[in-house]
Amino acid sequence: AQKVTQAQTEISVVEKEDVTLDCVYETRDTTYYLFWYKQPPSGELVFLIRRNSFDEQNEISGRYSWNFQKSTSSFNFTITASQVVDSAVYFCALSEARSGGSNYKLTFGKGTLLTVNP
Amino acid sequence: EPEVTQTPSHQVTQMGQEVILRCVPISNHLYFYWYRQILGQKVEFLVSFYNNEISEKSEIFDDQFSVERPDGSNFTLKIRSTKLEDSAMYFCASRTGTSTYRGQPQHFGDGTRLSIL
Numbered sequence: 001a002q003k004v005t006q007a008q009t010e011i012s013v014v015e016k017e018d019v020t021l022d023c024v025y026e027t028r029d030t031t032y033y034l035f036w037y038k039q040p041p042s043g044e045l046v047f048l049i050r051r052n053s054f055d056e057q058n059e060i061s062g063r064y065s066w067n068f069q070k071s072t073s074s075f076n077f078t079i080t081a082s083q084v085v086d087s088a089v090y091f092c093a094l095s096e097a098r099s100g101g102s103n104y105k106l107t108f109g110k111g112t113l114l115t116v117n118p
Numbered sequence: 001e002p003e004v005t006q007t008p009s010h011q012v013t014q015m016g017q018e019v020i021l022r023c024v025p026i027s028n029h030l031y032f033y034w035y036r037q038i039l040g041q042k043v044e045f046l047v048s049f050y051n052n053e054i055s056e057k058s059e060i061f062d063d064q065f066s067v068e069r070p071d072g073s074n075f076t077l078k079i080r081s082t083k084l085e086d087s088a089m090y091f092c093a094s095r096t097g098t099s100t101y102r103g104q105p106q107h108f109g110d111g112t113r114l115s116i117l
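In order, the protein sequence lines correspond to chains A and B.
Using our numbering, read the first sequence as starting at 1 and increasing by one per residue.
Using our numbering, read the second sequence as starting at 1 and increasing by one per residue.
A portion of the hints provided could be inaccurate.
Stated by the list, open to error - Just so you have them, the derived chain B footprint on chain A, three or more residues with Cβ under 8 Å:
| id | stretch |
| --- | --- |
| 1 | 33-46 |
| 2 | 104-116 |
To be verified - Straight-line Cα separation of at most 20 Å, EDC-like style, residue types lysine to aspartate or glutamate; simulated pairs:
| id | chain 1 | residue 1 | chain 2 | residue 2 |
| --- | --- | --- | --- | --- |
| 3 | A | 3 | B | 44 |
| 4 | B | 42 | A | 10 |
| 5 | B | 78 | B | 53 |
| 6 | A | 110 | B | 44 |
| 7 | B | 42 | A | 44 |
| 8 | A | 16 | A | 44 |
| 9 | A | 3 | B | 56 |
| 10 | B | 83 | B | 53 |
| 11 | B | 42 | B | 110 |
| 12 | A | 110 | B | 110 |
| 13 | B | 42 | A | 22 |
| 14 | A | 3 | B | 85 |
| 15 | A | 110 | B | 85 |
| 16 | B | 42 | A | 55 |
The hints are simulated quantities; they were obtained by calculation from the structure and are not laboratory data.
Predicted model, so just to flag it, every value in this text is computed and none were measured.
For glycine and all other residues, C-beta sits at the position ideal for the given N, C-alpha and C.
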């Protein structure tokens, strides 16, 4: 069964600090997808980034970057120069790409509450 | 940018009553999902729906739950006889479909907060 662990329950930083959110996953599939979603205080879930299991190249998109390490089953997410508006709960999620199915449900971690203080 | 729309934003219902949560997925999407989030907890998968039938459901999705796509735009979740423990935020999500899944992200609505009294 697939499982996502976000060991950090809460993180508090001061504006302009860099912050890394950790995510460790478990899956038996060789092909899978990892996602980060943001849930601001207003409650909606906002898709941020996606990474597939067969491409370990790490990328940067604006202030966001991610570090995918297949050897340690980790998919960490970094916000550079954090801002108050980054304050939210961040969820890591996993989707397995099993053949023959059309489901591809998301399994979420418990989330990390990030508070960015001015 | 197209978005998933959910109504109502907040529903208050007496225990034992039926409730219907409504969703309008993004128009060219083919796969639809319901998730729930009990206050302060993680988001949990309930059910997925494709080609007018359920493709997978979790153990949470028991006989009290049903989903329907009554027309070409709406996607509903019905709880027949609500219980106190059904109080949660319910999210609808949808994604595009291709012949091969390539991790197309699910796009979520703003959620319906269901409060059972």
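Of the hints given before, which are not true for this structure? Of the numbered hints given earlier, those the structure breaks are 8, 10, 14 and 16, listed in rising order.
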